[in-house]
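Undergrad: Full structure from sequences and hints, please.
Those protein sequences? They're chains X and L, same order as listed. Position in the first sequence (from 1) plus 673 gives the number in our numbering. Position in the second sequence (from 1) plus 673 gives the number in our numbering.
I should point out that these hints are in silico values taken from the structure, not numbers from a laboratory. Glycine included, C-beta positions come from ideal geometry on N, C-alpha and C. There's no promise every hint is true.
Unchecked claim - In silico lysine-lysine, DSBU-like type, Cα no more than 35 Å apart, as pairs:
id : chain 1 : residue 1 : chain 2 : residue 2
1  : X       : K676      : X       : K776
2  : L       : K676      : X       : K776
3  : L       : K732      : X       : K829
4  : L       : K732      : X       : K738
Said to hold, decoys possible - With beta-carbon atoms standing in for the labels, derived distance ranges:
id : chain 1 : residue 1 : chain 2 : residue 2 : range
5  : X       : T837      : L       : K825      : 45 to 53 Å
6  : X       : L816      : L       : A867      : 45 to 53 Å
7  : X       : N724      : L       : D833      : 22 to 30 Å
8  : L       : E850      : X       : Q745      : 15 to 23 Å
9  : L       : E850      : X       : A790      : 48 to 56 Å
10 : L       : A716      : X       : T796      : 47 to 55 Å
11 : L       : A734      : X       : E697      : 23 to 31 Å
12 : X       : R868      : L       : P750      : 39 to 47 Å
13 : X       : E813      : L       : A716      : 16 to 24 Å
There are 2 protein chains.
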Amino acid sequence: MAKAIEFFYDLSSPYSYLAATQLEAIAARHGATVAWKPMVLFAVFKASGNNMPAAVAAKAAFMMKDLPRWSQQYGVPFQMNSRFPINAIKPMRLCLYGDEQGKAGPVTLAAFRATWAEDRDVTSDETLRAIAKAGGIDPEQALAAIERPEIKERLKSNTDEAITRGVFGAPALFVGEELFWGNDRLHHVEAALAR
Amino acid sequence: MAKAIEFFYDLSSPYSYLAATQLEAIAARHGATVAWKPMVLFAVFKASGNNMPAAVAAKAAFMMKDLPRWSQQYGVPFQMNSRFPINAIKPMRLCLYGDEQGKAGPVTLAAFRATWAEDRDVTSDETLRAIAKAGGIDPEQALAAIERPEIKERLKSNTDEAITRGVFGAPALFVGEELFWGNDRLHHVEAALAR
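TA: Put into structure tokens, the structure is as follows:
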């Protein structure tokens, strides 16, 4: 049976973006699959009692220095989104529709790029269409799908599942029932996959 | 001029211990010096508005899995201290006396080992004496020194300095005025030293 990485993320989380850029290469190195699982980070923070990192001014200032260091380390573009904090509910529903269409990876990576490399407004229909197109799904069908109750429900159930399984921040990765938190733990994810 | 790493830590922080175990090898690789700067993490959390990581139950549960992973990765012993959360004021003053005696590194590492590898009560005179001895300073002189006003003041001024320079958690490392937070950023510290 192929090993699996479950990747719980919120598109509004820049560290989730950083992790996402590395995920397919990690999966390929270990013959693993990736389950892309968007969740609503605000609800996760609320349920766990964790505070939003950017709510602490000194931590937010550190993050503005830290994120470009990882971007340089990974060799991926990064640009702080000028609309931060972002409501990423709509594009996350788009990712779930992408998953239905067998395009979870391409749609999610396109959504992350729009948010964290291109400084786009990911709540606008124009950007949502561009993400769909870049991810290889039909833009108009995607815009209609994100209003479907079962898509909305799936985002909610992913969030509930994450909370139940002990997630308190993003990104959160599982290999089996082992939880890993942060792009800075991807080497621990790899160690778990190698076991 | 030799490059310098300023290492702000609290002995009660297990991630500070993990970083401390790696510090001298990193400094040696880059011809750098280490300035060991104990600070009172509780005061740093209070000033920055950050919450204590272990105050979030799900995060504390993750840490209990995460800390052994780093211990394994670094090849250093780790044992959760059964007295956590720890008041490390006295052993941190001991480290400052060790610094006066030109033994900051050995005393600090001995204090970290007692706390995070040997599950000792670092508030007891017996353990303080053992730390002093292991660090190469006189145990009785050390126990007397930690009551000196200028040693107490130095712990306070380190803490104030950390807060002023943007520290919000431990360990916090500086290369020049660049702040790095966490043992998981040691590779960024090395990149800064290599520039």
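Undergrad: With reference to the structure, classify each hint as holding or not holding.
TA: The hints, checked one at a time:
no.: 1; hint: X/K676 <-> X/K776; in the structure: holds (19 Å)
no.: 2; hint: L/K676 <-> X/K776; in the structure: violated (49 Å)
no.: 3; hint: L/K732 <-> X/K829; in the structure: holds (21 Å)
no.: 4; hint: L/K732 <-> X/K738; in the structure: holds (24 Å)
no.: 5; hint: X/T837 <-> L/K825: 45 to 53 Å; in the structure: holds (47 Å)
no.: 6; hint: X/L816 <-> L/A867: 45 to 53 Å; in the structure: holds (48 Å)
no.: 7; hint: X/N724 <-> L/D833: 22 to 30 Å; in the structure: holds (23 Å)
no.: 8; hint: L/E850 <-> X/Q745: 15 to 23 Å; in the structure: holds (18 Å)
no.: 9; hint: L/E850 <-> X/A790: 48 to 56 Å; in the structure: violated (28 Å)
no.: 10; hint: L/A716 <-> X/T796: 47 to 55 Å; in the structure: violated (40 Å)
no.: 11; hint: L/A734 <-> X/E697: 23 to 31 Å; in the structure: holds (29 Å)
no.: 12; hint: X/R868 <-> L/P750: 39 to 47 Å; in the structure: violated (21 Å)
no.: 13; hint: X/E813 <-> L/A716: 16 to 24 Å; in the structure: violated (56 Å)
The structure shown violates the earlier hints numbered 2, 9, 10, 12, 13.
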